[in-house]
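Chains as they are written, first to last, in this note's numbering: chain A, 57 to 261; chain B, 57 to 261.
Bear in mind the hints are in silico, worked out from the structure with no lab data behind them. Do not take every clue at face value.
As the list makes no split between identical chains, a pair holds if one copy fits it or if it spans any two.
Claimed, not checked - List of simulated lysine-lysine pairs, DSS-like, C-alpha gap at most 30 Å: (1) 181 with 147; (2) 246 with 235; (3) 83 with 254.
Residues per chain, in single letters:
There are 2 protein chains.
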Amino acid sequence: MKLTFSAASPFARKVRIAAIELGLIDKIEFSPVTVAPATQNEEYSRITPLKKLPVLILDNGEVILDSYVIVEYLDELAGGGKLIPSSGTLKWRVKSDHSLLQGMLDSMLLCRYEGIVRPEGLRWKAWSDDHWNRAWTGMARFEHHVEAMQARPFDIAQIGLVCVLGYADFRFPDCGWRKAYPRLDAFHQKMLERPSVKISVPPAA
Amino acid sequence: MKLTFSAASPFARKVRIAAIELGLIDKIEFSPVTVAPATQNEEYSRITPLKKLPVLILDNGEVILDSYVIVEYLDELAGGGKLIPSSGTLKWRVKSDHSLLQGMLDSMLLCRYEGIVRPEGLRWKAWSDDHWNRAWTGMARFEHHVEAMQARPFDIAQIGLVCVLGYADFRFPDCGWRKAYPRLDAFHQKMLERPSVKISVPPAA
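Please model the complete structure; the sequences and the hints are all you need to start from.
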């Protein structure tokens, strides 16, 4: 199977970490793709009209998206219940934590597009402030329960949090999350001991 | 349990249709919430930092998000495998179709924010063209396989498609999707025979 990939995409990073943790990384061919908002990529749009990374292309041609469903798919391939608990209260907590982190990443990408990609005269501060606030108050939420989260077996929500924090370092290096959220800093340092997390840190911007 | 809700939200509509189809609608109290980009709502941000609709608040206070995970939760509550196949190839097709439709809705909302909510002098045509193109070519994708989709038992992807088309009528009434995609038009008319779909049509804009 093939994964469309960019080392700069936090969503692709999530799948890469999951694939390493699940022992499936050698079964996946990484296919580099460049996408940018407001820029066409007709070839890639034929694979996915959303023009977003990553998608997983199976050997029979079926396309699996989005990054969350890809992780679900890989998890099932690895036997199930590995990175996403298969039952109980924990299942819904992990899934909801992950959805929150996914939305935080969406907001961070919108901030990046607003602040860097959009022509300078067309930027709207209230919009980026709102989206940054979603990511920032989301981090505050995790600061309060990251220790309970870390006590769980490694799961997709922890991967999501790693990807949020790594993306903050990559695209918003001056945002000061480490100072504001010391428990997230400790979590992030601990997570970097995992080879899957360390190898997938985004390249210097 | 409580669902934060707005009749204008296509994501909240998806959950409402699912809850009716699963026979769970009477167990859910609808809690109206108004959110808008670039506008604070501190009270709601305390419930979900993403400030998005809908979330499901369980009786024990746990918050389930996003709309997809809420439908998964309700589906399991109803016995499992009702609106999301629980195994097989179909499971991944339904989930991937749903993810595509979810991304199409995200893009349509971004178009709406760009074209209506953002101050007029700050709009960027290449951005809204790109996002509209994602929704539009996504519709073309479904036009090609809507008949196979419709032959399946009613599922979350069909609900997602209903919500995309209903949102197109609601916010982009002149986009001409019926003329461009006659099979989607036939699908939509057929779906309107379901009480869950008919009762949840967005109000006149």
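Tell me, in ascending order, the numbers of any earlier hints that this structure violates. Structure breaks hint 1 only.
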